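Number of protein chains: 4
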Amino acid sequence: MSEQAGSQRPHVGFIGLGRMGRPMVDNLLAAGFQVTVHNRTRERCEPFAARGARIADTPADVARDADVTITMVADGPAAEAVYVGPDGVLAGLGPGGLVLEMSTIGPELARSLAERAAERGAQLLDAPVSGSIPAARAAQLVVMVGGDAAAVERARPVLAALSREQHHMGPAGTGAAMKLAVNALIGVTNLALSEVLVAAERSGIARAQALDVLADSAIGSPYITYKREAFLDPDAVEVFFTVRLMKKDMRLAVDLGRSTDVPMLSVALADEALTLAAASGYGEDDVVRMADVLRARAEALEASR
Amino acid sequence: MSEQAGSQRPHVGFIGLGRMGRPMVDNLLAAGFQVTVHNRTRERCEPFAARGARIADTPADVARDADVTITMVADGPAAEAVYVGPDGVLAGLGPGGLVLEMSTIGPELARSLAERAAERGAQLLDAPVSGSIPAARAAQLVVMVGGDAAAVERARPVLAALSREQHHMGPAGTGAAMKLAVNALIGVTNLALSEVLVAAERSGIARAQALDVLADSAIGSPYITYKREAFLDPDAVEVFFTVRLMKKDMRLAVDLGRSTDVPMLSVALADEALTLAAASGYGEDDVVRMADVLRARAEALEASR
Amino acid sequence: MSEQAGSQRPHVGFIGLGRMGRPMVDNLLAAGFQVTVHNRTRERCEPFAARGARIADTPADVARDADVTITMVADGPAAEAVYVGPDGVLAGLGPGGLVLEMSTIGPELARSLAERAAERGAQLLDAPVSGSIPAARAAQLVVMVGGDAAAVERARPVLAALSREQHHMGPAGTGAAMKLAVNALIGVTNLALSEVLVAAERSGIARAQALDVLADSAIGSPYITYKREAFLDPDAVEVFFTVRLMKKDMRLAVDLGRSTDVPMLSVALADEALTLAAASGYGEDDVVRMADVLRARAEALEASR
Amino acid sequence: MSEQAGSQRPHVGFIGLGRMGRPMVDNLLAAGFQVTVHNRTRERCEPFAARGARIADTPADVARDADVTITMVADGPAAEAVYVGPDGVLAGLGPGGLVLEMSTIGPELARSLAERAAERGAQLLDAPVSGSIPAARAAQLVVMVGGDAAAVERARPVLAALSREQHHMGPAGTGAAMKLAVNALIGVTNLALSEVLVAAERSGIARAQALDVLADSAIGSPYITYKREAFLDPDAVEVFFTVRLMKKDMRLAVDLGRSTDVPMLSVALADEALTLAAASGYGEDDVVRMADVLRARAEALEASR
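Keeping their order, the protein sequence lines are chains A, B, C and D.
Its first residue numbered 27, the first sequence is counted upward by one per residue in the working numbering.
Its first residue numbered 27, the second sequence is counted upward by one per residue in the working numbering.
Its first residue numbered 27, the third sequence is counted upward by one per residue in the working numbering.
Its first residue numbered 27, the fourth sequence is counted upward by one per residue in the working numbering.
Hints should not be assumed to be uniformly reliable.
Note that identical chains are pooled: a pair holds if it fits in a single copy or bridges any two copies.
Unchecked claim - 20 Å max Cα-Cα, derived SDA-like pairs, lysine to any residue:
no., residue 1, residue 2
1, Lys-274, Glu-310
2, Lys-274, Ser-158
3, Lys-274, Ala-107
4, Lys-274, Ser-285
5, Lys-274, Gly-102
6, Lys-274, Thr-286
7, Lys-274, Arg-284
Don't read these hints as lab results, they were simulated from the structure.
All figures in this text were calculated on a predicted structure; none of them were measured in a lab.
If we strip away everything but chain A, and leave its shape as in the complex, we get (with noise of 0.2 Å):
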């Protein structure tokens, strides 16, 4: 670990140099942190490197190089990957450590990392992001956070570099249970959207003015805002959240529900939609194709009868 004098900005380790890993260091640079990064392929590193940041061969020098490490991987078992094993992040913890699991994972997973790192006498966040990729960039995700007070209050400086709210939403794993339902309700809002967007457009409405509407109304949210253009026409925007990604979501989202006893039928459902979805050739599309789905399947049966 570096040193650190009482006004000293923290050193900040970051693995995970994805979608979102990238523009999430850049505003770490931007904040004036020192910071050391790790990517499974190196090449992601260097145009950091050219910007002052240190590279790291392992996740275990990460967690020895900083203050606060932060993980930011694709799942799970990414997230598994990157902490077990002589080279992984609880490998190279000591005592007073911090890590910031920001990925999208289970609570199981989250609590037992936590645990793994207390054995080290280092404290470990579950703390993942709402927000997509314009988001990150701007610094303007929301983090939700479980675990230690003291620890979050130890992170909020970081955090802040990165976001514009920090929710500390309880214990370990309360973080990523709160990350898990407000993807869920995306998830299935999607999905409504989708077939009422569909509906509409079939019984005469033009969908620009559905989504007009139900953006104006008691339930329009930034959701709708955001994908209206994707809505409109999906091969003219960028793809910010894939069927694939948004599948996990509900796949995890699901299991929580397994673990709490809560029937999550609406969850459940919208997991089954999306794998029609995948099954359709969507997989890597944008979640929008919802709506492609359902209305090429309208039009299936009206030809078929």
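With chain A held as given, fit chains B, C and D onto it using these hints.
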């Protein structure tokens, strides 16, 4: 029909003095319209008579009396009852008459009523509203109108006294279809929100805090804010939207899907979940009771082990 | 009505010479009944005329001519068309007449037809059949009858020429309801069977062997045996039960659930899965194609990774 | 391993003296096999010791003692517990040993156990059974076996003492998969049967008569006959198949669908409906209680109007 000078406000007829209709008539009177009212049970008319409204004995009489006749009743069968027969609105309608059907009914019935009005030389618009009782009181409803564009312009001054926005969606039936689309999305959201709130709660997250984070997220809509208090303490708040009424809307939306060949997967599920809530004794309670149904089931399941 | 001596066989009228109706008339003629036939398109009557049947111009004429009139048409709307109007069965029915409505229709329509027959002094039984075309050919159908017990006894000699079993279920409408119960169970089984066959197949079990084990198990029904060849090679066998027809039965069964407050969870799902099969282009194919739909989806999902 | 002359019967080890295991050991003893038994709670072994069986202290001891070791335990976790560790079956297995895993477990665990047995030079077959307690008593079970064909032949004399049929389905895991396919179809049928029985009943058809007609129809399976008395009076009959156990099978079958990319639509729904039944307090009751759950819901829904 009353005489109507160029600058004079139209004489408005209003049929259906239920929980939504009464504040709407208040607003028409406050806006200076001459109003004739009718209700199946006459007592409800009297407070309005005291404030200058005429009372008509039958729907037909209202239509004969008024330039613009509004109907605001419970559902499709109630609308049928108000429109047909020797005492019905249609019997009283003459050439040049204008009717605004503002109840929540299916688009097929809306189109059929419009055709029957046209046979008498009159015009009927389907003009259901979005917004609950407080919005009706504040004249902040949103109206979705289906029918002839010129007739919509003619209706606008009357609608403006009741609502903050009047969306012309397209031909006859599209107002009704849009209303079902909005309410279907609300119904599915209510189910998914209940699922994730209870799962979050059973994961250790306070319900109030979960609601705050959701309201602040990409999926945060006015609905979540409106229902915050009710989800926290259903006994403490006025019932605005009952399980029975929401279930009726879901059924209409499922029927819209049938007629347009669109699989309303999530809407059909929400319908089924509301049936479960009604069977659990919550038919006349607010729809936030869905969370109670899921929580009771989780607790029973836990206890069964 | 023809004169009818004590020992004489009743004169039978038969309306609806479709794929089920034709072999049924064959069996009535073979059993020695005098038969009057009617069909919407007259050509279908002629082969029977060549074998001694009379041809009637209208359903009303059939009912006037016959002691016992049988109707066997496609569905509820077709039944309505055959019964009402100046040329309909009801118009030709006189006191003492007996009608057997053997189509698959909802119990509400069955009760309504029975009431209208009673108004004319006649009796109508709902008497739908279980069994496919081969069973019709072999006079091995099973009849489920709703209505008056004495009328059922009067109908029995005619029904016995068509079926191996005649179950009197109870009052008017119970025959129709029982038929829907049987077919609903077939529809759900067809879906579940398709699911487990494809899952077994993708686990390394030959489909033929899976069918053999299922047929030999506690859940082994004649349906599995009848459909064995079709599940193994849908192109090689005659289509007996199309997706479109099964879907119609599921819809009627769901409506039966609505009217009796019973949640037809699995039946509604089977209805939805059949819609998917119809939208995949299998509307006029045999219901065993459900397995193809699921297999195609599994293969597409696998390929999408 | 005991010596085994050409004509000598193999020495059979049996682990798991539950409701299925006990009658199976009865049949092995009756068939003249030498048997060594083990059970987690030793008391259950003693009645068999009185009839000549040896008692082993650990699963490993059973495997050391026997030519053919049978395990028949509650589920996957119980199987894991019996197989692994220093006292587990695997620890006692030597070259040439043969194990028959007859519990209901997932195919993945079955394959994993087979691999671990092979590492010790032994062979393990997954050989779950179809048939309830009465079939176990009568040695009329049906066994579905996955694994090496020669090993299946070697196992056949032992299996023949327990069952009326032994189906070799294919390689390791296919016995387990086939068992799940059979039970999934039973689970869905149980739900659909409950739905149609209650709907028929509420349409005026006596439940006994509906069961008779269904049993006599194309969809009539032994399951309907076996469960007839239980559906008519659940309190009057022995509980053979609890909601909790069927739910466990449905979960395994849903997982089979996940691993083979097959959408187990109806099986997942049956799982959910069984959860509802468990949450209604029927976890340890027979699965025929599903009809009670649906009837109670219909009655509550009717009363809520």
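20 Å Cα threshold - placement of Thr-286 relative to Lys-274: Both, since 19 Å and 17 Å are each at most 20 Å.
Homo-oligomer pair classification [Ala-107, Lys-274; C-alpha up to 20 Å]: within (18 Å within a copy, 31 Å between copies)
Alpha-carbon proximity context of Lys-274 and Arg-284, limit 20 Å: This pair counts as both: shortest intra-copy Cα distance 15 Å, inter-copy 13 Å.
Intra/inter-copy verdict for Lys-274 and Ser-158 if alpha-carbon distance must be at most 20 Å: Cα proximity of Lys-274 and Ser-158: one copy only (16 Å, versus 36 Å across).
Status of Gly-102 relative to Lys-274 across identical chains (alpha carbons, at most 20 Å): within (10 Å within a copy, 25 Å between copies)
Same-copy or cross-copy closeness of Lys-274 to Ser-285 [CA-CA at most 20 Å]: Classified as both: same-chain Cα gap 17 Å, cross-chain 15 Å, threshold 20 Å.
Lys-274 and Glu-310: within-copy, between-copy, both or neither at 20 Å Cα: within (12 Å within a copy, 34 Å between copies)
Hint compliance for this structure: every hint is met.
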